[in-house]
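**Student:** Numbering-wise, our numbering comes out as the position in the sequence shown, counting from 1, plus 2.
Keep in mind that the hints were calculated from the coordinates and are not lab data.
One thing to keep in mind: the hints can contain errors.
[As the list claims (entries may be wrong)] The list that follows gives simulated cross-link-like pairs (lysine to any residue, SDA-like), each with its CA atoms no further than 20 Å apart:
1) Lys100 to Leu50
2) Lys100 to Asp61
3) Lys44 to Trp101
4) Lys44 to Gly87
5) Lys100 to Pro51
6) Lys62 to Ala49
7) Lys62 to Asn96
8) Lys44 to Thr68
9) Lys100 to Val53
10) Lys100 to Glu86
11) Lys62 to Met82
12) Lys44 to Glu91
13) Lys44 to Val104
14) Lys62 to Val90
15) Lys44 to Gly77
16) Lys44 to Thr55
17) Lys100 to Glu74
18) Lys62 to Gly41
19) Lys62 to Asp40
20) Lys62 to Ala97
21) Lys62 to Pro51
[Stated by the list, open to error] Beta-carbon label-pair distances, calculated as ranges:
22) Asp40 to Gly87: 18 to 24 Å
23) Gly41 to Gly87: 30 to 36 Å
24) Glu46 to Glu98: 17 to 23 Å
25) Glu86 to Gly41: 16 to 22 Å
26) Met82 to Val53: 26 to 32 Å
27) Ala97 to Glu69: 16 to 22 Å
28) Val53 to Thr103: 15 to 21 Å
29) Lys44 to Asn96: 26 to 32 Å
30) Ser48 to Glu105: 14 to 20 Å
31) Ala47 to Val104: 15 to 21 Å
Every residue gets a Cβ at the ideal spot worked out from N, C-alpha and C, and that includes glycine.
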Amino acid sequence: MTVAAATTMLFAAQNMTAQETTQDVAMNETEVQAPVQDGFEKIEASALPEVVTNAIEADKAGSTVTEAYVNEELGVYKLMLQAEGSEVETAFINAEGKWVTVE
Numbered sequence: 003m004t005v006a007a008a009t010t011m012l013f014a015a016q017n018m019t020a021q022e023t024t025q026d027v028a029m030n031e032t033e034v035q036a037p038v039q040d041g042f043e044k045i046e047a048s049a050l051p052e053v054v055t056n057a058i059e060a061d062k063a064g065s066t067v068t069e070a071y072v073n074e075e076l077g078v079y080k081l082m083l084q085a086e087g088s089e090v091e092t093a094f095i096n097a098e099g100k101w102v103t104v105e
């Protein structure tokens, strides 16, 4: 009877460990998949409105959008712009094509 009790406890402990490991993995996957940073969600540069792309061409001539984000609540786009031979610049622009400051 003691052997049966010990075997049952061993299997129960292994099952609990497996469940804990599965929960840890699920939480880690959730953390990695979070696309929102400071309220901004990453989008494709091709998804930027024409007004925004026109403002970039006019005001930041020669710059390329390397990354684009949108905060729909604020109606603001966060752009990572890079001109040839320059460092990447972070700029904020609203949906009307006006450059703004975000704090």
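**Student:** A separate judgement is required for each hint: does it hold in the structure or not?
**Tutor:** Results for each hint:
1. Lys100 to Leu50: holds, 14 Å
2. Lys100 to Asp61: holds, 10 Å
3. Lys44 to Trp101: With Cα atoms ~19 Å apart, Lys44 and Trp101 stay inside 20 Å; holds.
4. Lys44 to Gly87: violated, 25 Å
5. Lys100 to Pro51: OK: Lys100 and Pro51 at ~12 Å, within 20 Å.
6. Lys62 to Ala49: holds, 18 Å
7. Lys62 to Asn96: holds, 15 Å
8. Lys44 to Thr68: holds, 11 Å
9. Lys100 to Val53: Measuring from Cα to Cα gives roughly 9 Å; hence the hint holds.
10. Lys100 to Glu86: violated, 23 Å
11. Lys62 to Met82: Within the cut-off at roughly 12 Å; holds.
12. Lys44 to Glu91: holds, 16 Å
13. Lys44 to Val104: holds, 17 Å
14. Lys62 to Val90: Measuring from Cα to Cα gives roughly 12 Å; hence the hint holds.
15. Lys44 to Gly77: Answer holds: Lys44 to Gly77 is near 14 Å, not above 20 Å.
16. Lys44 to Thr55: Between Lys44 and Thr55 the Cα gap is close to 16 Å, so the pair holds against 20 Å.
17. Lys100 to Glu74: This hinted pair holds, its Cα atoms lying about 16 Å apart.
18. Lys62 to Gly41: Violated, at about 25 Å.
19. Lys62 to Asp40: violated, 24 Å
20. Lys62 to Ala97: holds, 16 Å
21. Lys62 to Pro51: holds, 16 Å
22. Asp40 to Gly87: 18 to 24 Å: Violated, since Asp40 and Gly87 (Cβ atoms, about 29 Å apart) do not stay within the stated range.
23. Gly41 to Gly87: 30 to 36 Å: Given about 32 Å between the Cβ atoms, the range holds.
24. Glu46 to Glu98: 17 to 23 Å: About 21 Å separates the Cβ atoms of Glu46 and Glu98, which means 17 to 23 Å holds.
25. Glu86 to Gly41: 16 to 22 Å: Roughly 31 Å apart at Cβ, these two residues miss the hinted range, so it is violated.
26. Met82 to Val53: 26 to 32 Å: violated, 19 Å
27. Ala97 to Glu69: 16 to 22 Å: holds, 18 Å
28. Val53 to Thr103: 15 to 21 Å: holds, 19 Å
29. Lys44 to Asn96: 26 to 32 Å: violated, 18 Å
30. Ser48 to Glu105: 14 to 20 Å: violated, 28 Å
31. Ala47 to Val104: 15 to 21 Å: The hinted range 15 to 21 Å holds for Ala47 and Val104, with Cβ atoms some 19 Å apart.
Hints 4, 10, 18, 19, 22, 25, 26, 29 and 30 from the earlier list are contradicted by this structure; the remaining hints agree with it.
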